[in-house]
Amino acid sequence: MTADFVALLATWCIATLRSATPLIFATLGETLTQRVGVINLGIEGEMLTGACVGFTVGVATGNPWLGLLAGALAGGALSLLHAGLVLGAGANQIGSGLAVWMIALGGTSFFGRALVGKQVTPLADLGSPLTDGIPFIGTVMAQATMAVPLAILATCFAAWWLAQTRPGLKWKAVGESARIAGENGIRATRVRVTAIVVGGLLAGFGGAVLSVDYTQTWAQEMTKGRGLVAVGLVIVARWKPALVLPVCLLFGLAEVSVLRIQSAGYAFSPHLLGTFPYLVVLVVLVSSHVFARRASAMPADLKAVFA
Amino acid sequence: MGEVLARFDAVTMQFGDLVAVDKASLEIRSGEVLAVLGENGAGKSTLMKLLYGVFPPTDGTIVVEGCPDGISGPAEALRQGIGMVFQHFSQLPALSVRDNLLLAWPKTPFWKSRRNRATGDVLSKLRDMAPAIDPDTPVHDLSVGEQQIVELVKVLNIQARIVILDEPTSVLTPAETDRLHGFICQLAADGVAVVLITHKLRDVEACADRIAVMRRGAIVDVSYRGERSMQEIVTLMMGKTVDRKLPSPQPATNPVDRLVLQYVSAQAAGMRLRDISLAVGRGEVVGVAGVAGNGQTLLAEVVAGIQPVTYGEVLLDGERIGRRRPGETLSTPLGYIPEQPRENATVEQLSLADNLALRDLAEGNRTDGSTSDLLCRFNVNPPVPDKRAGTLSGGNLQKLVSARELGTPRPAILACYPTMGLDLAAIELVYEHMFAQAAAGAAVLWISEDLDDLLAAAHRIAVIREGAIVALETNDGTLTRDRIGALMAGMASVSEAA
Amino acid sequence: MSTVMRFPLLASVLTAACFLALAAAFFAALGKPPFEMLSSLVVYALGDAYSISQTFAKMTPILLCALAVAVPGRLGLISVGAEGQLHAGAILGTGLVLLAPELPGVVLIPLMLIAAAIGGGLYGWVPGMLRARLDVNETIVTLLMNYVSVLLVSALVFGPWRDPASQGWPATMKFPQGAVLPAVPDTRIHLGLLVGVLLAVGLHLFFNHGKWAQKIRILAGNRKVGEMFGLSYAFWVVALMSVGGAIAGIAGIAEVSAIQGRLQPTISLGYGLTGFLVAWLARHQPLVILPISLFVGALVAGSDALQLFAKVPAASAVIMQGLLFATALAVPGLLARWRTYRDR
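Chains as they are written, first to last, in the working numbering: chain A, 504 to 810; chain B, 2 to 499; chain C, 0 to 343.
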């Protein structure tokens with residue numbers, strides 16, 4: 504009885520983690536971008552591009568790691584377009600993000616046609632004779648891949664970066680006010696470009712994790728709004744990398760419940776169930792406004808975008 | 002006389018059509034306090050921001066000793082030992098004191114954790130100057146005086162050769178001002194070149210070794226201490242002899258309360274008002290004095306019906322004019338002149354005429370065209386009704402708002418720093434109309450940080466500190482600047498005031 | 000005051016030139032002769048009566064969605080929810096038709112349009128209320144809500160609303176003749192276009208003349224000042240978000256009724272997003288939206304035909320829209336930069 508329960512708990516835990524992993528990378532990337540005072544809705548496109556390019560390279564080389572790397576680079580490259588439009592041409596951030604999304608949407612559905620039905624070598628799981636047989640841990644390790652610990656490491660690193668390092672301090676300063684940061688001798692534009700590109704790299708990596716590691720297939724528009732969910736979750740996580748992890752797990756849990764209910768054979772419409780993760784994010788977003796004072800956590804320069 | 006550390010040579014700075022600095026030449030020498038004196042908008046701050054590298058000059062050169070290539074930006078200026086304390090401090094309110102200091106410190110190591118010994122030195126000067134400030138508090142929780150100390154520490158931390166202070170005394174109590182003057186003289190005695198940007202003669206008298214007077218972007222005079230009388234300097238600053246006086250307060254004849262605050266409490270963004278009760282009578286001028294950031298802005302917005310009260314009432318002639326919940330629809334009957342007119346009182350996208358008629362437009366009425374007369378009466382420049390308000394300078398916007406709020410009779414006037422950013426002629430104009438409203442029976446609530454003005458023209462002066470009215474004194478001629486200053490700083494007890 | 004004047008001629012011409020250059024480069028990258036492709040794009044969009052009919056058919060939902068974005072946009076709100084509101088309107092409008100398919104057209108069509116407007120309107124009302132009451136960012140909420148109503152359409156047509164006669168194809172029954180919007184004979188130009196044009200003119204009048212126009216302008220320019228003088232920001236947020244949603248809802252039912260003939264999952268080719276881009280290109284000016292939505296409609300219709308006849312991938316329409324919008328965002332800013340640089 505207890506063993507069954509532990510096993511079930513372990514399956515749910517690892518399924519939630521794996522489902523949340525791509526989102527963790529994307530949300531983390533968006534958090535860092537917004538911390539320097541720039542909102543990037545193009546993150547949806549960057550994830551999609553990362554997924555497409557990552558899958559292509561993964562299929563072509565047979566090496567999933569190369570795929571993930573290529574996905575990250577593709578996301579980073581696309582984010583440069585957003586950086587150029589916003590910082591170079593002074594374009595509206597929302598508009599620029601949507602333009603980037605649109606270009607990625609068209610581009611990936613064009614290049615992605617060749618990928619439908621292809622197989623990719625997945626990442627190896629972390630199971631080993633050492634952990635096999637240990638309750639809970641054994642099950643988790645057997646189903647986890649390196650992407651999961653990487654995501655956790657990345658959030659820890661980002662939290663440390665912002666809180667404890669000199670460049671991280673500069674990032675926070677630029678997000679609060681580019682003008683004042685400039686008066687303190689910081690090159691705000693350079694910092695912003697860096698953060699946007701780092702955000703793009705993480706989003707691209709997350710997208711590649713989604714296609715290469717999680718679904719292991721390519722489908723058109725496969726991110727299904729995960730990038731936009733990430734933008735919403737950044738608000739829920741109050742712009743703190745440390746909170747990205749729990750907040751994304753919530754979305755992962757919602758998605759896993761949907762899959763479990765479907766596979767358990769209940770006669771729910773899969774499409775109706777499919778709305779559940781979005782509704783969860785919306786409810787969490789709204790309740791985070793009801794229960795917390797938002798204004799105190801938002802980087803001050805970001806407020807100007809919505810004014 | 003010290004060595005020359007920096008030299009301006011026919012420096013000009015243009016923003017579009019506006020010539021902010023006009024062929025200015027000036028030397029900055031070590032061990033000397035140079036006061037740059039001028040009215041609002043004379044170009045003092047712009048001139049010094051050029052030295053600090055905030056923007057490059059349109060024309061002319063700035064030579065800094067030991068830096069032949071010129072200053073490329075604030076980062077370079079900091080490396081060259083030039084530090085600037087901005088009027089609106091260059092601190093990030095959301096970050097801690099420690100982070101703000103580390104940010105401007107060239108020696109901050111990559112790993113800036115407090116466990117890293119190498120970051121310890123950044124706090125040593127803060128501990129010397131203000132041991133009471135906890136380095137982990139966010140800057141927005143500090144008082145303005147404390148923020149200025151942090152700002153000074155930032156400059157001291159870079160071992161500055163040149164220290165530029167932009168209107169440093171405008172936010173301080175009289176006692177804090179005296180302390181700062183002493184500190185400035187000490188810096189100069191240590192061999193630092195201090196540039197003191199100010200429009201207050203009091204600052205000049207207290208510590209300037211050399212005085213540069215600016216008017217309309219040009220340096221009109223440079224003299225050593227004692228070379229000229231203060232009267233001469235004022236004349237140079239204004240471009241004409243000005244005999245400035247305010248109408249001394251006439252005792253209010255009919256003491257009927259019009260504008261009444263009953264137990265008003267409110268809360269907004271890091272500020273709160275606590276249990277404020279105050280009544281302003283018909284024809285009475287009540288001044289509110291206090292150190293900036295003690296709740297004045299919130300008080301103004303609560304009385305104007307912008308921020309809701311959490312408790313209490315604001316009444317005008319017995320009718321409620323305060324907002325009770327955020328979404329409540331409420332139109333204020335007050336004539337309200339807020340600070341920062343661009344953010345608080347005008348719609349930049351609309352024309353001057355529309356901005357003058359905002360009340361009518363908001364009620365859905367058509368407007369008549371009698372606006373150009375009002376624009377002329379209040380010297381709005383340019384007096385073109387069709388011009389968009391966003392194109393006006395801050396001073397002209399404030400005149401526009403004054404025209405709207407004071408141009409027609411009002412039951413009560415609420416003014417919050419109404420003269421900030423105005424030149425003397427405009428200040429006179431605003432005061433003239435404000436007191437004319439009082440003479441016509443309006444109740445005037447007047448928030449100001451200029452104690453001399455308050456003492457000259459208010460019937461009563463309330464002192465606000467930490468969101469509460471700590472004293473309400475009758476201005477019967479015995480009230481002094483020092484007395485108010487002590488109350489502002491919380492050094493005199495309330496019982497003593499009674 | 001006209002915004003058309005503030006978007007100077009030079010910038011518009013440069014934007015168009017840059018876009019053409021980019022489009023040509025795009026075709027060249029596909030290995031197609033660029034100039035031939037561009038000219039056939041024009042021919043396929045405007046060459047004959049059929050092409051023109053197609054162009055207007057594509058223009059209609061884009062126009063309505065752009066107006067749906069522009070209405071809250073006039074208050075400074077950034078709503079990206081036209082896609083979801085379009086689907087919500089399609090759902091409620093279709094629901095009414097399924098409920099009373101027997102009604103005569105003169106009754107059914109107005110009722111259907113009203114139901115669709117209510118559906119879309121409610122879908123705009125929710126983010127409007129959240130924004131007004133709780134200050135929840137309307138951009139994020141509308142973006143996420145899009146996915147929900149798109150999935151709801153699928154849930155309905157795969158489930159309870161599926162026509163048993165359609166043999167597994169996920170769609171409702173074919174709309175009865177009385178529920179099909181009247182169209183110009185032998186074309187796909189339907190009543191929706193007329194509604195769109197009338198709305199554009201009406202909204203232009205509403206937002207530029209009269210007392211409400213002034214109130215909205217004051218609130219959009221400075222919320223604090225507006226509220227000080229007795230205007231209710233919350234009221235206008237909810238009102239404009241709802242009205243915008245209603246317009247997008249009409250776009251949804253128009254597509255279902257006049258183009259598809261039944262509710263099915265593919266009623267929108269991303270018209271919501273396209274509409275957003277068009278509204279921004281037009282700076283939320285209803286009369287400027289008219290020509291721009293015509294232009295983008297032609298672009299979409301032309302690339303559709305190009306896909307059929309020149310074997311250009313289907314995605315090129317989306318890519319070209321993205322390029323168009325990126326160019327339109329970049330050119331004015333870069334021009335301004337160059338001007339300040341030159342003036343130094």
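Simulated from the structure, these hints should not be mistaken for lab results.
What you are looking at is a predicted structure, and each value in this text was computed from that prediction instead of being measured.
Worth double-checking, as some hints may not be accurate.
[Unchecked claim] Under the rule of at most 30 angstroms between Cα atoms (straight-line distance), these lysine-lysine pairs were calculated in the DSS-like manner:
1) A/K727 with C/K310
2) C/K310 with A/K621
3) A/K727 with A/K621
4) A/K743 with A/K806
5) B/K388 with C/K310
6) A/K743 with B/K388
7) C/K210 with B/K388
8) C/K310 with C/K31
9) C/K223 with A/K806
A quick look at each hint next to the structure:
Pair hint A/K727 plus C/K310 holds up; C-alpha atoms about 27 angstroms apart against a cutoff of 30 angstroms. For the suggested pair C/K310 and A/K621, the alpha carbons sit about 23 angstroms apart, so the restraint of at most 30 angstroms is met. Straight-line distance between C-alpha atoms of A/K727 and A/K621 comes to about 20 angstroms, which keeps the hinted pair within the 30 angstroms bound. Proximity of A/K743 to A/K806 is assessed by CA-CA distance (about 17 angstroms); at most 30 angstroms being required, the pair is judged to hold.
Between B/K388 and C/K310, the direct Cα distance comes to roughly 55 angstroms. Violation of the 30 angstroms bound is thereby established for this hinted pair. Proposed proximity of A/K743 and B/K388 is contradicted: the alpha carbons are some 45 angstroms apart, above 30 angstroms. The suggested pairing of C/K210 with B/K388 holds, with an alpha-carbon distance near 21 angstroms, which does not exceed 30 angstroms. The suggested pairing of C/K310 with C/K31 holds, with an alpha-carbon distance near 10 angstroms, which does not exceed 30 angstroms.
Between C/K223 and A/K806 the CA atoms are separated by roughly 16 angstroms; this keeps the pair inside 30 angstroms, and the hint holds.
The structure fails hints 5 and 6 (numbered hints given earlier, in ascending order).
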